[in-house]
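J.: Next come the chains, spelled out residue by residue.
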Amino acid sequence: MFRRTFPITDPVTARFEGREFQAQAGESVAAALLSIGVRVFRHTPVSESGRAPYCLIGHCFECLVEIDGVPNQQACLTVLTEGMDIRVQRGTREGY
Amino acid sequence: MAPYDVLVVGAGPAGMAVATTLHKLGVEVRIVEEQGYPGGQIYRSAPGTVWSEKLRRDWLGRDYANGTLRVRECLESGVPFSGGISVWAIEPGDQDAVVRVGLTNGVAAETVRARHLVLATGAMERPTPFPGWTLPGVMGVGAAQSLMKSTGMVPEGRVVIAGTGPLVYLFACQLSRAGAAPAMILDTANRGLPRERWSRFLRALRHQGAALARGARWLAEIRRAGIRHRWSIPWYRANGSASLESVSFGKENGFDTEETDLLLVHDGVVPGKHLTLLAGCEHRWHPARACWEPLTDSNGESSRRGIFVVGDAAGIGGADVAWRRGQNLGWFLAHRMGRIDRDRLQRETRRNRRLNKGTEALRSFLDLQYGPAPFMRIPESETIVCRCEEITAGEIIKVAALGCTGPNQTKAFTRCGMGPCMGRECADTVSRILADFHGLPMDKVGTYGIRPPVKPITVGQLADLAE
Chain U
1 MFRRTFPITD PVTARFEGRE FQAQAGESVA AALLSIGVRV FRHTPVSESG RAPYCLIGHC
61 FECLVEIDGV PNQQACLTVL TEGMDIRVQR GTREGY
Chain G
1 MAPYDVLVVG AGPAGMAVAT TLHKLGVEVR IVEEQGYPGG QIYRSAPGTV WSEKLRRDWL
61 GRDYANGTLR VRECLESGVP FSGGISVWAI EPGDQDAVVR VGLTNGVAAE TVRARHLVLA
121 TGAMERPTPF PGWTLPGVMG VGAAQSLMKS TGMVPEGRVV IAGTGPLVYL FACQLSRAGA
181 APAMILDTAN RGLPRERWSR FLRALRHQGA ALARGARWLA EIRRAGIRHR WSIPWYRANG
241 SASLESVSFG KENGFDTEET DLLLVHDGVV PGKHLTLLAG CEHRWHPARA CWEPLTDSNG
301 ESSRRGIFVV GDAAGIGGAD VAWRRGQNLG WFLAHRMGRI DRDRLQRETR RNRRLNKGTE
361 ALRSFLDLQY GPAPFMRIPE SETIVCRCEE ITAGEIIKVA ALGCTGPNQT KAFTRCGMGP
421 CMGRECADTV SRILADFHGL PMDKVGTYGI RPPVKPITVG QLADLAE
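Chains U and G, in that order, are what the protein sequence lines are. Taking the working numbering, the leading residue of the first sequence gets 1, the next gets one more, and so forth. Taking the working numbering, the leading residue of the second sequence gets 1, the next gets one more, and so forth.
Worth flagging that the hints you see were computed from the coordinates, not collected in a lab. Bear in mind that the values here come from a model prediction, so they are computed numbers and not experimental data.
Simulated restraints on C-beta separations:
| # | chain 1 | residue 1 | chain 2 | residue 2 | range |
| --- | --- | --- | --- | --- | --- |
| 1 | U | E82 | G | R342 | 50 to 56 Å |
| 2 | G | D63 | U | D68 | 36 to 42 Å |
| 3 | G | L355 | U | R3 | 36 to 42 Å |
| 4 | U | F6 | G | A213 | 28 to 34 Å |
| 5 | U | T13 | G | K444 | 52 to 58 Å |
| 6 | U | F6 | G | S298 | 43 to 49 Å |
| 7 | U | V40 | G | G460 | 26 to 32 Å |
If we take Cβ atoms under 7 Å as the criterion, some of the chain U residues that face chain G in the derived model are:
| # | residue |
| --- | --- |
| 8 | M1 |
| 9 | F2 |
| 10 | R3 |
| 11 | F6 |
| 12 | S35 |
| 13 | R39 |
| 14 | S47 |
| 15 | G50 |
| 16 | Y54 |
| 17 | C60 |
| 18 | N72 |
Anything over 10 Å on all C-beta distances counts as not near chain U; from chain G, calculated:
| # | residue |
| --- | --- |
| 19 | A2 |
| 20 | S82 |
| 21 | T111 |
| 22 | L167 |
| 23 | A181 |
| 24 | R197 |
| 25 | G250 |
| 26 | R284 |
| 27 | L295 |
| 28 | G317 |
| 29 | Q346 |
| 30 | N352 |
| 31 | E382 |
| 32 | K398 |
| 33 | G403 |
| 34 | G449 |
Glycine included, each C-beta is placed from N, C-alpha and C at the ideal position.
Turn these sequences into a full structure, and let the hints guide you.
T.: So this is what it looks like as structure tokens:
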């Protein structure tokens, strides 16, 4: 959905759904995921519909992902750090 | 720990201005902010990066460039600033009028006390539902702009912007300068200026001619860039099964559907009211601006003693108005705490008061000419209103027919507003549907009651709170 206009100068390596990727140090998890073409961040508890960021400033809670085993993390407010293991959140924090 | 003299929540123009003014006078003040760096959304940046310079110089425009100077002034003043902090609770003061505020950095929670709390939490994009708005690939214009400011990223593929207002035109220009011009703008406003709006336009021209000229230049730049700008769009919807595939929109005869990779929507900005509601401040519905505003006196004090609201959170006015009001609130608080006398207060605040005086004229015109799309006031039955719990407009109307006259009762009946966003995105739509159905004014219908925690914290973090 989004592309970088400048190359990564200060790389950070993390994993999304087990797949390794690089992003710029200091970026939010949401920004990093959008830059590698992630289309679905979570599946809703009610209908398992795919959702992605809507507001990107911490209001809408659509960007909830599981980071290092901890669910319900707002990706737009979390800074990406080296070695982070990010996964799609499926339903509520307990899963389906 | 002794209470802070002043705690400022939010480091946008207003918050930075209050805090810096107070800090320079030797008042003990601290800023807390959710982002890692000051600037708010309007001056959001990626400090220290190579592209920050190019963004500022070539793409984002002069207002943004000036804004980054304000951020630097804040940082260089040495005012205590804590980034990555969210407020999860606000308890208005007891007898000693000291406010208790719950803070969290995501890992640990704490409560702090302050004699004066300044809520400078800014605005949010008006969350207007339309069919398909929950699909991945649909996001706010402001969202994409914040992303561009903080990372230099621009949309990839075919982008359509739908909605109206100055932010739409500004961002279309900024994207164009970065080589990522949108394919089309679906503008819900009308192009022309009907006779009944001339007097308001002329008033705006007299007081804020420069700002109007800037807007006109944006529209001209959009034309020069070859971006298709369709006016008076009667409706639009996002289509797709798992994510956005196309956007359909009405036109004079019939409708069109165009393949789209990203749909950026914008229906104006409104004050973010979550924290002012949490603090128990009274609010009033502003009919012309179609939003709730906290009741504040001329100094910015809310209906709760010791709690002040300033900047867009108090009423949309833009960055410069927020900056000036923030400075003046800083001077006022210094006076209230006995650090400066009345004469000095008058002297120091005079210029800002004068400069802010004519800005209402521009707002008044913009609210009218680029107001929220009328066709979207009451969503279609199948449109999701509560994104978190996936409650449709039809379900809200059903319980309205059963006798629900308020959003809190509606929440109990349907779960609407019970999701993680706590009604930030659905509150006004729910209230509007109820008001419309029952023929009640918005002030009578009200909005959700907000209780802590308003940001996620764990039981463990609560248990570990140092008392």
